[in-house]
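Chemist: Chain order of the listed sequences is A and B.
Heads up: the first sequence runs through residues 1 to 491, numbered per this note's numbering.
Heads up: the second sequence runs through residues 1001 to 1495, numbered per this note's numbering.
In case anyone wonders, no lab produced these hints; they're calculated from the structure.
From a predicted model like this one, the values you see are computed outputs, not experimental measurements.
For every residue, glycine included, the Cβ atom is placed at its ideal position computed from N, Cα and C.
Any given hint might turn out to be false.
Stated by the list, open to error - Chain A stretches covered by chain B per the calculated footprint, using a threshold of three residues with CB under 8 Å from any CB of chain B: (1) 73-83; (2) 144-150; (3) 170-183; (4) 324-334.
Said to hold, decoys possible - Here are the simulated BS3-like cross-link-like pairs (lysine-lysine), alpha carbons at most 30 Å apart as the crow flies: (5) B/1109 x B/1432; (6) B/1450 x B/1108; (7) A/168 x B/1108; (8) B/1109 x A/168.
Single-letter residue listing:
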Amino acid sequence: MIASEMLMAPEILMPVILVLPVIAAILIRVTGNNPNLRETVTLITSVIVFLLLIPLAAEVLSGGRPTLILAEPFPGMPLQLTLEPLGMIFALIAGFLWPITSIYAIGYMRGHHEENQTRFFMLFALAISVTLGVAFSGNLFTLFVFYELLTLSTYPLVTHAGTEAARKAGRVYLGILIGTSVAFLLLALIWTWFLAGTLDFIPGGILEGTASPAMLSVLLLLFFFGVGKAALMPFHRWLPAAMVAPTPVSALLHAVAVVKAGVFTLLKVSLYIFGPELILGLPVTEFLSYLVAASILLASLVAMTKNNLKARLAYSTISQLGYITLGALLGVTGILGGSLHIVMHAFGKITLFFAAGAILVAAHKTQISQLDGLGRRMPVTFAAFTLGALSIIGLPPTGGMWSKWYLLQATLETHQLVLLATLLISSLLNIAYLLPIPLRAFFAKGNTDQTAGIQEAPLLCLIAISITSVMCVALFFFPQFWYELASMAVR
Amino acid sequence: MIAANLPALQVVIPLLAAPLALMLRRGSLSHLLALLVSVVSLLISYSLLQAVLTSGPISYAMGGWEPPWGIEYRVDAINAFVLLIVSVIGTVVMLAARTSVAAEIQEKKQSLFYTAYLLCLAGLLGITTTGDAFNVFVFLEISSLSTYILVSLGRDRRALTAAFQYLIMGTIGATFILIGVGLLYMTTGTLNMLDMAARLAPLTDSRTVQAAFAFLAVGTSLKLALFPLHLWLPNAYTYAPSMASAFLAATSTKVAVYVMLRFFFTIFGVEFSFDVMPLGIIFMALALLAIFAGSLVAIFQDNVKRLLAYSSIAQVGYMMLGVSFATQTGLVAAILHLFNHAMMKGGLFLALAAVCYSTGGTSIANFRGLGKTMPWTMMAIVLGGLSLIGVPLTVGFVSKWYLVLAALEQGYWPVAVLVLLGSLLAVIYIWKLVEAAYFQAPDEGAVVVKEAPLSLLLPTWILIGASIYFGIDTNLTVSAAESAAAALLGTGVQP
């Protein structure tokens, strides 16, 4: 009895949650010869992990900030887990979408006859563990450690196919992510340590008054370009390159876990290292936010030119990540909007990727121009795609509206009319590159010879798509939970 | 009785064991002796470090002749730490040696290998313990001569030219050191290091002292393979037997760095070396060149042993960069990297020995498909490589953290950026191996490769494990490096 209570203590739950997927990875390796058993391990672990996150969320909502020091490699700079509202949001998203993606992945990997499935599911579980580590990180140093581990653990998933193209994509992936993190982010980290003597996350920041505004501006730039996972142009190329991976990887890791780890880091830096007020006062902030705005618009424009569905979605992600990066620069309301956008974009984009994968498995199509008339053959997939697209655009009745609402409010509060216009134009561009896809599928007259015989995607894929697309709508009606967490973070 | 004589036994035991190993004639017996001696010296150096950290420096008068007249063995925080590095590496390498040496060296030459190893160990330990400047030269020659033998035992015939090249360069270096020591003896009339330091303090204007300084700077730089005096190193590491490469790569340049620290910090004093003489700026420039030249050349190597050899040149650059700041943090970074690099490079060279054992070579082509056939060896290489790159939770990260911090403390922004950019070059040459091992299929008709035996894997993983462990728990290494750095900066500055 006491032992079980100890195990359920929030401080202990965090490492337990991190270790469970690692144990699962080992079990997946062991049960590799029996695919059904292997998949059972994945599903059960992912559900347990999500269920264990719920008491943690309750703890955080009631004001608790469970903390656990794992080791202290440097004096005063421990490897530390601390759960706070922003991390809770990220952990819940990753923890909720892992079981769903697992259901989807089983259907996809089997339907698509992928090789090395044991390795795939093993590495996937490890990547989830590291992602949750990012969410639980109690200081910037720990966050950096998990950030780097995330790059390394997802690299073999990107290169899963083992082909020359996958290898080249892997080089771009690793080159940009490791390159920016070592050259800029690590420098920023050591510099921060040098200035502030700590890397703890303290509400209001730790850098106020430690250096001249000009120096802090350089530091801010180092952070924003050092977090390559946020895919701020010109360090965005790794994300389209990563699309060579199997679709479940693109869906959960490269639309949610990895990219959100990037913008999550930026939100944390903004909130707990610089402090929103300090950032607003820096001379470089305006310049940087215009740069982000340019990244948002350019990525949208590039997305319009892409005929490959996954590539278009990748550029759409780059553009959407810009929203959150922008939020990190726009004070507390911006951070609130950015945090909500992590949630809304996660559900919207994962739906779109699920749909893209379903189309690939069912119809073997990758190009948008080949989709004419497919809507009638795959109505569930394309209906879900439409809902996901609406949420990305930010239209009711989908959750995407709320995050965009707060982001727009933040631009008004800071009197940044250019940024306001950017967000509005970007929404129009979203419509232009996303909605034609389902319109084409439903209304364009396809070549009946080519679409003949095509059926809906595997059932497991459809279940996953349905859940995420329904969530997009549900978030419109019930955003309170996430709003509460996000506003706790900025309060 | 034994406890009091530990500093002497540290050197005497391997020295006496060396001829014994030759007389045993059988490779297996010589190996047992060498292993035993290595373990004993590990125990001695560990107890010495404990004694020094708890109760301060130990002075031992050789033959009862009191310093400064007799030869003094003096163990303080810094050389106790280096002794530990050398004897740890010696022990782990000897654990792996039986299998690898039996495969690479003819039976009748095996006892010769262990004899040379024991001599080299005695020499390296001797250089480190002695408090006598001329004695440093004597042990330097012992270790160098035995190193030439170790290198020439390589099965490739190019090992002979490599050994000869090293002989020439090494002798030049040793001669420069001898001239430097001779000039110092001429001006101060003493060979005891502490005595010398005290008498040198008022002589900073002396031309002779400055000339001695220059000779020692060049001599030690040659020995520690500071760019552009590194030319002997790549061939020596490449063609030596795998075990010799592993032992030398992890120890000999480290000991040379120690000698340099001793001369410039303890004897000349930090003020003379870095304020009166422009050592800081010279070392900084050469160190940065070493980092970039070494890493860039490493990228284009086809033989992985040579690749790691050039990487070693770059890593020496990191150590010397830390030294060039002549600050507490800079020295901590340098001394930490001494230890950390010994762990990761030792582990990597042992893994290469396993690759060589199983595939018969160490070129990139030998690595194709090893991800599947030798998973444990390859995983060790990947982890060691990540440590070279400086990924967090590895020792490489710890060194890099302190090094960049030291640069920022001095306000050397460009240097901090260059250090980080340099570590990105390591990504490229390590990833060459990763791609060959995990993405390329072995050549058609190549022999089927099996995972290396446990006798090679275990020692490899001891060092690789250490390079992870000490990346997470830095208590021992950082505190030892901090007290060593404080000792180096403390003596010489104050009268």
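Chemist: Take a quick look at whether residue 1109 of chain B and residue 168 of chain A sit within 30 Å of each other, Cα to Cα.
Modeler: violated, 47 Å
Chemist: Below or equal to 30 Å on CA atoms is what counts here, so check residue 1109 of chain B against residue 1432 of chain B.
Modeler: violated, 35 Å
Chemist: Taking beta carbons only, do three or more residues of the segment 144-150 of chain A come closer than 8 Å to chain B?
Modeler: holds (count 4)
Chemist: Take a quick look at whether residue 168 of chain A and residue 1108 of chain B sit within 30 Å of each other, Cα to Cα.
Modeler: Status violated; Cα separation ~49 Å.
Chemist: Check the hint pairing residue 1450 of chain B with residue 1108 of chain B against an upper bound of 30 Å on the C-alpha distance.
Modeler: Holds - the C-alpha atoms of residue 1108 of chain B and residue 1450 of chain B are around 27 Å apart, at most 30 Å.
Chemist: How about the segment 73-83 of chain A: do at least three of its residues have a C-beta closer than 8 Å to a C-beta of chain B?
Modeler: Result for this restraint: holds, n = 4.
Chemist: State whether the coverage of the segment 324-334 of chain A by chain B holds or is violated, taking the criterion as 3 or more residues with Cβ-Cβ distances under 8 Å.
Modeler: violated (count 0)
Chemist: Can the segment 170-183 of chain A be counted as covered by chain B under the rule of three residues or more with Cβ-Cβ separation shorter than 8 Å?
Modeler: Since 7 is at least three, the answer is holds.
Comparing the model with each numbered hint stated earlier shows that hints 4, 5, 7, 8 do not hold.
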